[in-house]
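Respectively, the protein sequence lines represent chains R and C. Numbering of the first sequence is given in numbering that gives the first Met the number 0, commencing with residue 0 and proceeding in unit increments. Numbering of the second sequence is given in numbering that gives the first Met the number 0, commencing with residue 0 and proceeding in unit increments.
Check before you lean on any hint, since a few could be wrong.
[What the hints assert, rightly or not] Only pairs whose alpha carbons sit at most 20 Å apart, straight line, appear in this in silico SDA-like list of lysine to any residue:
hint: 1; chain 1: R; residue 1: Lys187; chain 2: R; residue 2: Thr92
hint: 2; chain 1: C; residue 1: Lys268; chain 2: R; residue 2: Ala27
hint: 3; chain 1: C; residue 1: Lys268; chain 2: R; residue 2: Thr92
hint: 4; chain 1: R; residue 1: Lys217; chain 2: R; residue 2: Val191
hint: 5; chain 1: C; residue 1: Lys268; chain 2: R; residue 2: Ser62
Since the hints were made in silico from the structure, they are not lab data.
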Amino acid sequence: MPMNPASPPLIHARGLTKRFGAFTAVDAVDFDVAPGEAFGFLGPNGAGKTSTMKMIGCTSPASGGTLTVLGMDPETQGPEIRGRLGVVPQQDTLDEELTVRENLLIYGRYFGLSRAECGRRADELLEFAQLSERGSSRVEPLSGGMKRRLTIARSLINEPDVMLLDEPTTGLDPQARHLLWDRLYRLKQRGVTLVLTTHYMDEAEQLCDRLVVMDKAKIVAEGSPRSLIEQYSTREVAEMRFAPGVQDTLDGQFNGLADRVEHLPDRVLLYAEDGEAVAVAAHDRGLRPETVLVRRSTLEDVFLRLTGRSLVD
Amino acid sequence: MSAIAPPQARATTGRVMPRAWHLIERNLFVYRRTWTIIVSGFFEPLFYLVAMGYGLGRLIGDVTGPGGQPIPYAMFVAPALLATGAMNGAVAEATFNFFFKLNYNRTFQAILATPLSVRDVAVGEIAWALIRGGLYAIGFIVVIAALGLATSPLALLAIPAALLLGFAAGAVGMAATSFMRSHQDFDLINVITLPMFLFSATFYPIETYPEAIRGIVAITPLYQGVALIRGLTVGVLGPEMLFQVAYLAVMGMIGLWITSRRLDRLLRK
Chain R
0 MPMNPASPPL
10 IHARGLTKRF
20 GAFTAVDAVD
30 FDVAPGEAFG
40 FLGPNGAGKT
50 STMKMIGCTS
60 PASGGTLTVL
70 GMDPETQGPE
80 IRGRLGVVPQ
90 QDTLDEELTV
100 RENLLIYGRY
110 FGLSRAECGR
120 RADELLEFAQ
130 LSERGSSRVE
140 PLSGGMKRRL
150 TIARSLINEP
160 DVMLLDEPTT
170 GLDPQARHLL
180 WDRLYRLKQR
190 GVTLVLTTHY
200 MDEAEQLCDR
210 LVVMDKAKIV
220 AEGSPRSLIE
230 QYSTREVAEM
240 RFAPGVQDTL
250 DGQFNGLADR
260 VEHLPDRVLL
270 YAEDGEAVAV
280 AAHDRGLRPE
290 TVLVRRSTLE
300 DVFLRLTGRS
310 LVD
Chain C
0 MSAIAPPQAR
10 ATTGRVMPRA
20 WHLIERNLFV
30 YRRTWTIIVS
40 GFFEPLFYLV
50 AMGYGLGRLI
60 GDVTGPGGQP
70 IPYAMFVAPA
80 LLATGAMNGA
90 VAEATFNFFF
100 KLNYNRTFQA
110 ILATPLSVRD
120 VAVGEIAWAL
130 IRGGLYAIGF
140 IVVIAALGLA
150 TSPLALLAIP
160 AALLLGFAAG
170 AVGMAATSFM
180 RSHQDFDLIN
190 VITLPMFLFS
200 ATFYPIETYP
210 EAIRGIVAIT
220 PLYQGVALIR
230 GLTVGVLGPE
240 MLFQVAYLAV
250 MGMIGLWITS
260 RRLDRLLRK
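Based on the provided sequences and hints, a complete structural model is requested.
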């Protein structure tokens, strides 16, 4: 969804900074999130995504810059803002001393809802999260996917205007991830604004209208998944894998074949508009890779280009 | 699901109770299943009363009570056990259970994502600790009244006095717990509460100690609480009670203040 200039941003950050002692976790970032948008923070571990989310969620005070959420100041109106947010933290914070349904009931009470209303919404949300059968079960024996669904259900008990999802599907199996994506997509269609962090590129492409890439506490790129690929990568990528030993002899051999060439320990990536043509041209030069894979560029290519290939932690 | 309504359609709920109340509600959910744990704490002071008050008391006979008049030993010990029971109940909640919620269950992190604040959490948890201590106090006062060990109607005031003691000890215990790193540190709690129980003029008058030691004993909240409650159950009022009340109240406020600050540091990073 494009930014609508007529509607003021739901979340507005300028120069937003978070410091822990001498360490700067978030370094003067600017971003806006529009109502109804699905907005993503993409970045490697330690890039500052979670710290940013906590500041938006009014559970961590900013060290500098300005931030407004739903038109309010987190510094002074934290409870009012939190009352309209739904938060799915990176690690589940479910109350393990309570049952599945009790988790929903008491969470509704924290938001000041009546007991009757909590009960009504709890039953609806159990249905939504496909947990109706487990309502009276303890939380502890639930699978990771069930706990995640319960966490999302819990975050919806106050009918939030904005959902903050910090790595919502990390650690889940593919079935559980797809079920969650489906649920999040439905929420989006109902007009709920989604703000999420992820390091899964497919997740970002599936869910986000717009995203920013964070690296080392800063925002290094911003745009829709499509536009980021266009801007920072090519349409296609040809991946060539050579026999052991051959790889080291190939320096310079790809010059002029593609827009960008990347030598990895085990393969060579050629970024180009037409991957097939590159593969043919390489063959014409006498290059004989063991395998060739031509694929479309993904956000992963953008991500690796912007944040580098070395491990962060 | 119709749970997602536009903002203007959302029901606004009036707020009659303070937000901290929801912490108590949460704990009631938990204890609905595990109420036996609470009940067990009621018997400990009762056993001591039988063993010390009646068993040992038979050998001891009368001792000097708060007003200087002789009273049966059981009557001397009973208010101290009431005070200790209330304190232990509050401290158990404020230390061990609080530590678990703070460090392992991540309960508070979840709560702080809602409109509740760290102060609501601190107040709610201490209030819950007081409720547990208060339940023991009520149960015990009924028992000692039935046994004829609380002779004055003033004994009813022992319940708020026990709550005040629970507030002081619970809040300080909670503040201390917020500094604890692992459950091994809980040995420290026992090292503090057990001698407090034995030596805070619980089983014999403070005059037994040499002058220098009395000052140390008088620092403990339990001593102040025992002296206050003993005066009430025996029915001897004195101006020192005002000091005892103020002492416990201030101690509790300081504990609450430190707890709130620590929670803010630990949970709102």
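Against the structure, the hints:
{"no.": "1", "hint": "Lys187/R x Thr92/R", "in the structure": "violated (23 Å)"}
{"no.": "2", "hint": "Lys268/C x Ala27/R", "in the structure": "holds (18 Å)"}
{"no.": "3", "hint": "Lys268/C x Thr92/R", "in the structure": "holds (16 Å)"}
{"no.": "4", "hint": "Lys217/R x Val191/R", "in the structure": "violated (27 Å)"}
{"no.": "5", "hint": "Lys268/C x Ser62/R", "in the structure": "holds (11 Å)"}
Consistency with the previously given hints fails for numbers 1, 4, ordered from lowest to highest.
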